[in-house]
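Going down the list, the protein sequences come from chains A and B.
Per this note's numbering, the first sequence starts with residue 1076, numbered consecutively.
Per this note's numbering, the second sequence starts with residue 75, numbered consecutively.
Source of the hints: derived by calculation from the structure; they are not laboratory data.
Treat the hints with caution; some may be incorrect.
[Stated by the list, open to error] Example chain B residues on the side facing chain A (calculated, C-beta under 10 Å, incomplete):
1. 81
2. 82
3. 111
4. 128
5. 129
6. 144
[Said to hold, decoys possible] Only pairs whose alpha carbons sit at most 27 Å apart, straight line, appear in this in silico DSS-like list of lysine-lysine:
7. B:136 to A:1079
8. B:136 to A:1102
9. A:1102 to B:119
10. A:1160 to B:136
[To be verified] Just a few of them, taken from the derived set where beta-carbon distance is under 10 Å, the chain A residues facing chain B:
11. 1089
12. 1135
13. 1142
14. 1191
15. 1197
16. 1203
17. 1205
18. 1210
Virtual Cβ for every residue (Gly too), placed ideally from N, Cα, C.
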Amino acid sequence: MDIKMQIEQIAAGDPEAWNMIVDRYSKGIYNLALNFAGNPDDAADITQDIFIKLFSNIQKFSPDGNFNSWLMRLAKNHCIDFWRKNRRNRNVLPLNEEIRVDDQDEEKHMIDRMDVQKLRGHINQLDPELRILLIMRDVQSHSYQEIAASLDLPLGTVKSRINRGRLKLARMVQQGDGHGL
Amino acid sequence: MDCNWVEENISRYIENDLNASDTKAIAAHIQSCADCRQLLERMEKVMFLCGDLSEDVPFFLKNRLYNIIESQEPEVPAISERTAIVLKWAVAMVGSLVLLLNLLYFTSIVPSANRFLHLAVSRIQTMAVEAGAYMERISESERNPFLGLFKTNEMEMNVDNVFPDAPNHEGGKNG
Chain A
1076 MDIKMQIEQI
1086 AAGDPEAWNM
1096 IVDRYSKGIY
1106 NLALNFAGNP
1116 DDAADITQDI
1126 FIKLFSNIQK
1136 FSPDGNFNSW
1146 LMRLAKNHCI
1156 DFWRKNRRNR
1166 NVLPLNEEIR
1176 VDDQDEEKHM
1186 IDRMDVQKLR
1196 GHINQLDPEL
1206 RILLIMRDVQ
1216 SHSYQEIAAS
1226 LDLPLGTVKS
1236 RINRGRLKLA
1246 RMVQQGDGHG
1256 L
Chain B
75 MDCNWVEENI
85 SRYIENDLNA
95 SDTKAIAAHI
105 QSCADCRQLL
115 ERMEKVMFLC
125 GDLSEDVPFF
135 LKNRLYNIIE
145 SQEPEVPAIS
155 ERTAIVLKWA
165 VAMVGSLVLL
175 LNLLYFTSIV
185 PSANRFLHLA
195 VSRIQTMAVE
205 AGAYMERISE
215 SERNPFLGLF
225 KTNEMEMNVD
235 NVFPDAPNHE
245 GGKNG
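Construct the entire structure; sequences and hints are all you get.
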């Protein structure tokens, strides 16, 4: 369905059109929020706020523009606002949590989970601008061109910042633990 | 080639985004430099693990998102974007015109314009004073044609008896 028509239907209160938007974009926004904030509770709140903002402002979207880029810009700005408001009391999952397991498969699964949590914790320590770029590229697999268009940045800047983010992350992982990752 | 150059281009090396000679040079450097080799391994591992960071949206959250349409009202823009742009330009032009007129009025950059503006302002002032005086005359005049329509002889006769208890000024004056 054409996005312009979809927006008109949403403005007219059509739940089907809105649900299609939620189905299509919620995973990307949730994962951006989850890896940006570092914990599922904040991620759920951020995602909900972004979608409320999207719904409230949907008629301001110019049909000539790219909806995905517009939404990603809105999401990025909201994530950075969230970071500004909460930088003093950040609630990231602990990096060195103890795991107690009985089953071997379960143990393998838990170690994988722990690696993911640790990595998420490390990502959370990155500068918010680098964090967004890294998540868009390495978690959500957007192309450099898509990221540059979404965030209105030159392609070279996107590439160099993502490289900088990866270098920082690799160093944090190296310094952070002797095992795992 | 030094380690800094490798660091700056390591992502492009991993993603095969370098030309053949640069790729070859980095590969050769990594063979001989343990630090860069370790960095490359870490980075590849981190990039690989990042793929596992993607998760499905929790069921409860999806429901909350679906329900937004029932609990919120979309903001209808008060004016269209085109109207807003036109208004902005109109305000900017009026502002610029006012500034220009001020400049011409208070400086002698263009003497003829300065004379013209002073003349215009003095005429406006004169007209305003005359209009004010005229309005005052109308409101005070007993020959006011509008008041005259409602005035009767009886009213004219009783005009002194409107406040019968009030002291008589003329009497007071005369003792």
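| field | Closest C-beta approach of residue 1210 of chain A to chain B relative to 10 Å, hint status | value | Given a least distance of 8 Å, the restraint on residue 1210 of chain A holds.
| query | Would the stated hint for residue 128 of chain B survive a check requiring a Cβ distance to chain A of less than 10 Å? | reply | With a minimum Cβ separation of about 5 Å from chain A (threshold 10 Å), the hint on residue 128 of chain B holds.
| Does the nearest C-beta of chain B fall within a distance shorter than 10 Å of the C-beta of residue 1203 of chain A? | Violated. Min distance 17 Å.
| Cut-off 10 Å, beta-carbon criterion: hint that residue 1135 of chain A touches chain B | With a minimum Cβ separation of about 6 Å from chain B (threshold 10 Å), the hint on residue 1135 of chain A holds.
| Is residue 136 of chain B within 27 Å of residue 1079 of chain A, Cα to Cα? | Judged against 27 Å, a Cα distance of about 23 Å means the pair holds.
| Against chain A, is residue 81 of chain B within 10 Å by beta-carbon distance? | 6 Å, holds
| field | Hinted contact residue 82 of chain B with chain A - closest CB pair below 10 Å | value | Check passed: Cβ of residue 82 of chain B comes within 7 Å of chain A, closer than 10 Å.
| Taking the least C-beta to C-beta distance, is residue 1142 of chain A closer than 10 Å to chain B? | 15 Å, violated
| task | Using Cβ atoms only, decide whether residue 111 of chain B comes closer than 10 Å to chain A, and label the hint accordingly. | result | With a minimum Cβ separation of about 12 Å from chain A (threshold 10 Å), the hint on residue 111 of chain B is violated.
| residue 144 of chain B as chain A interface residue, shortest Cβ-Cβ below 10 Å | 7 Å, holds
| query | Is the interface hint for residue 1089 of chain A satisfied, with its Cβ closer than 10 Å to some Cβ of chain B? | reply | 8 Å, holds
| Can the restraint linking residue 1160 of chain A and residue 136 of chain B be considered satisfied, given a maximum Cα separation of 27 Å? | 25 Å, holds
Consistency note: the structure conflicts with the earlier hints numbered 3, 13, 16 and 17.
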